[in-house]
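**Student:** The chain contents come next:
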Amino acid sequence: MLLIACPYCGERAETEFSYGGEAGIARPKDPHALSDEQWADYLFMRKNSRGMHRELWNHAQGCRRWFEVERDTVSYVIKECYEIATPATSRDNQSRAD
Amino acid sequence: MTDFSRVDLGHINLRGSAEDSRFVDGATKVLGQSLPLAANTLTQSLHRIYWLGPDEWQVVTESDRAADLVRQLEAALAGQHVAINDLSGGQVALQLTGTDVPELLARACTLDLHPSLFGVGDCAQSGLAKTNVLLGCIGETPVYEIIVRRSYSEYLLRWLRQKTHSRAGSVSS
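Order-wise, the sequence lines are chains L and P.
Numbered per the working numbering, the first sequence finishes at 1524, counting up by one with no gaps.
Numbered per the working numbering, the second sequence finishes at 171, counting up by one with no gaps.
Calculated from the structure, these hints are not laboratory results.
It cannot be assumed that every hint is accurate.
[As the list claims (entries may be wrong)] Going by beta-carbon spacing under 7 angstroms, a handful of chain L positions derived as facing chain P: (1) Tyr1434; (2) Cys1435; (3) Ala1439; (4) Phe1443; (5) Gln1487; (6) Gly1488.
[To be verified] Restraint ranges, calculated between C-beta atoms of paired labels, are given here: (7) P:Val22 to L:Asn1474: 54 to 60 angstroms; (8) P:His112 to L:Gly1450: 34 to 40 angstroms; (9) P:Leu44 to L:Ser1444: 33 to 39 angstroms; (10) L:Ile1504 to P:His112: 21 to 27 angstroms; (11) P:Leu115 to L:Ser1475: 32 to 38 angstroms; (12) L:Ser1475 to P:Pro52: 27 to 33 angstroms; (13) L:Gln1464 to P:Gly77: 39 to 45 angstroms.
[To be verified] Calculated from the model, a selection of chain P residues having no Cβ within reach of chain L, i.e. all distances over 10 angstroms: (14) Arg20; (15) Gly24; (16) Asp62; (17) Gln123; (18) Ser149; (19) Arg159; (20) Gln160.
Every residue gets a Cβ at the ideal spot worked out from N, C-alpha and C, and that includes glycine.
Here chain L stands alone, though its shape is the one from the complex (with noise of 0.2 angstroms):
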């Protein structure tokens, strides 16, 4: 089982958690002025990576508040977790490159 660090309230365990897939995805300012395939992409395509993979939790049974964390999908190994509103910029640079 995994510990995941809420940053709310601190280490626990997987089971209070539920996973909201992949981070850093921006809803479309504007919906109508894109593509049928635009659209499409935003809504269903990730990029299911092997590695570094900054995803979306929420501590269901904690104080119900979505975070980030960036996990080793490979190893399953937790690098960080944060607040969602932590400026995704900057994270974005550093996810991105990896």
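Place chain P on chain L using the hints.
**Tutor:** Then chain P, alone, in the frame of chain L:
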């Protein structure tokens, strides 16, 4: 020996920004005690106030005081970005006493409840026997309080009765 009972209390959920002094001061004045701002802690004097999240608290008080307290909070915090909800009808409080309670709860809870890590004034929202609970240590004996949704309370009481081979907790006081 573990003893447990259902306790008739008033429950209020309070939400607002911990960084907004207008909210914190207003709530503190009405409640007559400070809000716990540190994670996983509770304060006890006039009421018991649990930390639920960075902007969320649970006030537990005598059952006949809850409605008044809600009105006073609403008046004191009027116009602010807050939420005040009386959950007395939707939640049930159970109190468990005994030195072997941590061991009992550990059978179905992932928290480390060793007294050195989870002592008086500590609380946590977690899962117990598959139900979502708010668990707090509220007395030295030790005494624990479990707050659970009303619809899950009968199940949780049955679970406790089964694990302790007792018929306690069947009468609400």
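**Student:** Each hint needs a verdict: does it hold in this structure or not?
**Tutor:** Status of the hints after comparison with the structure:
1. Annotation: Tyr1434 (chain L) was flagged as interfacial toward chain P, and the flag holds, the nearest CB pair being 6 angstroms apart, inside 7 angstroms.
2. Satisfaction of the interface hint for Cys1435 (chain L) is found here, the shortest Cβ-Cβ separation to chain P being roughly 6 angstroms, below the 7 angstroms cut-off.
3. Satisfaction of the interface hint for Ala1439 (chain L) is found here, the shortest Cβ-Cβ separation to chain P being roughly 4 angstroms, below the 7 angstroms cut-off.
4. A least Cβ separation of about 11 angstroms between Phe1443 (chain L) and chain P goes past the 7 angstroms threshold, and the interface hint is therefore violated.
5. For Gln1487 (chain L), the suggested interface contact is upheld, since its CB lies about 5 angstroms from the closest CB of chain P, less than 7 angstroms.
6. Given the 7 angstroms rule on beta carbons, the hint for Gly1488 (chain L) holds: about 5 angstroms separates it from the nearest Cβ of chain P.
7. A hinted range of 54 to 60 angstroms for the beta carbons of Val22 (chain P) and Asn1474 (chain L) is inconsistent with their spacing of about 44 angstroms.
8. Look at His112 (chain P) against Gly1450 (chain L): about 38 angstroms separates their beta carbons, and that is inside 34 to 40 angstroms.
9. A hinted range of 33 to 39 angstroms for the beta carbons of Leu44 (chain P) and Ser1444 (chain L) is consistent with their spacing of about 36 angstroms.
10. Taking 21 to 27 angstroms as the suggested C-beta distance range, the pair Ile1504 (chain L) and His112 (chain P) conforms, at roughly 24 angstroms.
11. Checked against the hint of 32 to 38 angstroms, the C-beta distance between Leu115 (chain P) and Ser1475 (chain L) comes to roughly 36 angstroms, which is consistent with it.
12. At about 30 angstroms, the CB distance of Ser1475 (chain L) to Pro52 (chain P) agrees with the hint of 27 to 33 angstroms.
13. Range check, Gln1464 (chain L) to Gly77 (chain P): about 43 angstroms between beta-carbon atoms, so the 39 to 45 angstroms window is met.
14. Arg20 (chain P), annotated as away from the interface, keeps every beta carbon of chain L farther than 10 angstroms; the closest lies near 22 angstroms.
15. No beta-carbon of chain L is positioned within 10 angstroms of the beta-carbon of Gly24 (chain P); the least distance is around 23 angstroms.
16. With a minimum CB-CB distance of about 29 angstroms to chain L, Asp62 (chain P) clears the 10 angstroms threshold, and the non-interface call stands.
17. The Cβ of Gln123 (chain P) sits about 5 angstroms from the closest Cβ of chain L, inside the 10 angstroms cut-off, so the non-interface label is violated.
18. Chain L leaves Ser149 (chain P) outside its interface by the beta-carbon criterion, the shortest separation being 16 angstroms against a cut-off of 10 angstroms.
19. Distance check for Arg159 (chain P) against chain L: the nearest CB is about 23 angstroms away, which clears 10 angstroms, and the non-interface claim stands.
20. With a least CB separation of 21 angstroms from chain L, Gln160 (chain P) remains clear of the 10 angstroms interface cut-off, as annotated.
The structure fails to meet hints 4, 7 and 17 from the earlier list, while all remaining hints are met.
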